[in-house]
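What follows is the residue order along each chain.
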Amino acid sequence: MDAITPATHPQGTLTVTRHAVDTRCVRLAGQWTIQAALPSAAEVQAQCLDAPRIRRLSFEASDLADWDSALLTFLLKLKELCDQSQVEFDQAGLPHGVQRLLVLATAVPEHQEARRASQRASLLVWLGQSAIAMTEATYALLIFLGQVVLAFGQFIRGRARLRTVDLWLIMQQSGAQALPIVSLISFLVGLILAFMGANQLRQFDAQIYVANLVGLSMAREMGAMMTGIIMAGRTGAAFAAQLGTMVVNQETDALITMGLKPVEFLVLPRMLALMLMVPLLCIYADLVGILGGAVVGVGMLHLGAAQYYQQTLSALHLMDFVVGLIKGTVFGVLIALAGCLRGMQCGRSASAVGAAATSAVVTGIVWIIVSDAILTVIYDILWI
Amino acid sequence: MPAERPQDAHIFVHNLTMAYGSLVIQRELTFSVQRGDIFIIMGGSGCGKSTLLRHLVGLQAPAQGDVLYDGQSLWQVESDERERLMRRFGVLYQSAALWSSMTLGENIALPLEQYTDLSPSRIGELVALKLALVGLAGFEDYYPSELSGGMQKRAGLARAMALDPDILFFDEPSAGLDPISSRRLDDLILELRDSLGATIVMVTHELASILTIGTNSVFLDADSKTMIAQGDPKKLLAESHDPKVRQFLTRGDPHA
Chain A
0 MDAITPATHP
10 QGTLTVTRHA
20 VDTRCVRLAG
30 QWTIQAALPS
40 AAEVQAQCLD
50 APRIRRLSFE
60 ASDLADWDSA
70 LLTFLLKLKE
80 LCDQSQVEFD
90 QAGLPHGVQR
100 LLVLATAVPE
110 HQEARRASQR
120 ASLLVWLGQS
130 AIAMTEATYA
140 LLIFLGQVVL
150 AFGQFIRGRA
160 RLRTVDLWLI
170 MQQSGAQALP
180 IVSLISFLVG
190 LILAFMGANQ
200 LRQFDAQIYV
210 ANLVGLSMAR
220 EMGAMMTGII
230 MAGRTGAAFA
240 AQLGTMVVNQ
250 ETDALITMGL
260 KPVEFLVLPR
270 MLALMLMVPL
280 LCIYADLVGI
290 LGGAVVGVGM
300 LHLGAAQYYQ
310 QTLSALHLMD
320 FVVGLIKGTV
330 FGVLIALAGC
340 LRGMQCGRSA
350 SAVGAAATSA
360 VVTGIVWIIV
370 SDAILTVIYD
380 ILWI
Chain B
0 MPAERPQDAH
10 IFVHNLTMAY
20 GSLVIQRELT
30 FSVQRGDIFI
40 IMGGSGCGKS
50 TLLRHLVGLQ
60 APAQGDVLYD
70 GQSLWQVESD
80 ERERLMRRFG
90 VLYQSAALWS
100 SMTLGENIAL
110 PLEQYTDLSP
120 SRIGELVALK
130 LALVGLAGFE
140 DYYPSELSGG
150 MQKRAGLARA
160 MALDPDILFF
170 DEPSAGLDPI
180 SSRRLDDLIL
190 ELRDSLGATI
200 VMVTHELASI
210 LTIGTNSVFL
220 DADSKTMIAQ
230 GDPKKLLAES
240 HDPKVRQFLT
250 RGDPHA
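Chains as they are written, first to last, in numbering that gives the first Met the number 0: chain A, 0 to 383; chain B, 0 to 255.
Hint data in this document are derived by calculation from the structure and do not stem from the laboratory.
Owing to the predicted nature of the structure, the values given are computational and were not obtained by experimental measurement.
Please note that the accuracy of each hint is not assured.
[Stated by the list, open to error] Derived lysine to any residue pairs resembling SDA-like cross-links, with alpha carbons at most 25 Å apart: (1) K243(B) with V107(A); (2) K243(B) with H204(B); (3) K76(A) with A159(A); (4) K243(B) with P119(B); (5) K224(B) with V107(A); (6) K78(A) with V107(A); (7) K243(B) with V20(A); (8) K243(B) with T225(B); (9) K78(A) with Y138(A); (10) K78(A) with A130(A); (11) K224(B) with A197(B); (12) K243(B) with L103(A).
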């Protein structure tokens, strides 16, 4: 047998030789390393362990050039097979280091409870567990809502403990600093609406109504909706990550032991900031969107700028902006709630912070769309 | 043991059982801490030392039992009452838990702003004093992330002392510190106890700290899920016959 294998293709080999009637010797040779091509323990089993009357397995390793954990996993597997077939595993012939590591690896028996049972749950079990989880999530949400309402009550009575500096800072971060992205998105949305409308309205020679279409949809719907979605992705995620990191770092515990309620100190300023900033951003988005529509109207449909302006004024009423503003305020509260809720629920690991941020965005957007639908139906009933 | 009744002790933990849901961490803990003690909560990893601390400082409600501070219950009262009691504590968390969005000065000033009517300049003086006490004079405008681990721990200590608490709680103060910094922190703790007259409750498994500064202790065991020894750690080392306690206090060296 050739013990020296080419360096380019490291290879470990074994040969089983007969020593006595009831003893077989495994001769290990070559490179028993992770990169090498290696025989499996099952081969040894097939060659000798299955034979009757074999009582002992010994080793010979004088030709073994190199070894690492690959050899150990092979030997552990072989030892297990030997134990099953009640064959003695005689490790005396193995290198000294290998013997010691084998002793170390088998010194403490496997902790039976440590290995997680990965049994497949039946559909009913899964359904039941989901129902329980959902009840718990709803319960947690209600508790959180209650705490926020109480904190808000304290704030109105001037007794909430929070730092006004924080409030201003969050307002700046979530308001002024969101202007560029809100400008871009709402301008493009206005532009897109105008394009879509122009193609249809041109067939009736009614291009001028592009102004009505863009004005009304921006003011009543799209301004608030686009601002809400931008803020959910931008600020809701940031809130969840900030609060989540504070939970992981025990900073919220430190607040509690100082007698400060995290809901008052952390959640309230964030909610107040978004309650004020989202409606303002929403008005801004309405105007920029209308500007985007005007660019299409004037540039492509050859309407006069003054004519477009007059048409927009005559189509829009103050109530249309109020409708959008109410939506914006509601969205602001919901985004802040979703972000803070997921942040405060954050587990104590780095990946939990990421999950909290993701969940905050998803929750925020779902709540925005659902509340938008509800508000639209209410407006319809009220004839607004 | 002093002659007074145990429930009159400075801190009296009575029949405390701690659990996460149905998983019991420790059951039926009863011990008392006297004023001026440096009380050590010790035991192997995962036996519930930090959880016990969370129960003592009011962060986690016990499954059963109560904690009394000078005879006043912490858990059998309304949350307002509990918060008033909690204001007498200073807590140094394992990760220091400084508020990362605030400077050191703001961190220490926050409790003062919230609970006193002091003018900003008076608060500034107090903040400077607390920072000077922990050897961080002049670091008011630094953010926690700009400091080393040892400095963060000391700043956390300064914040814990902001309201001149009666009782200081430490969760593994020397975890992650080099031997010299950890020794200096021990000296600082001792100094603060002597000069401020505070009582100190400390979770640690730093043997050197336990044996040098501890005056009383409780030993929690993860297997039997309860306390298996209490008393002065030096005495425990000399007199205890419990193999687990002896092993812990001698680092498993049978000849010690």
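(message) Of the numbered hints stated earlier in the document, which are not met by this structure?
(response) Numbers 3, 4, 7, 9, 10, 11 - these are the hints that the structure violates, sorted from lowest upward.
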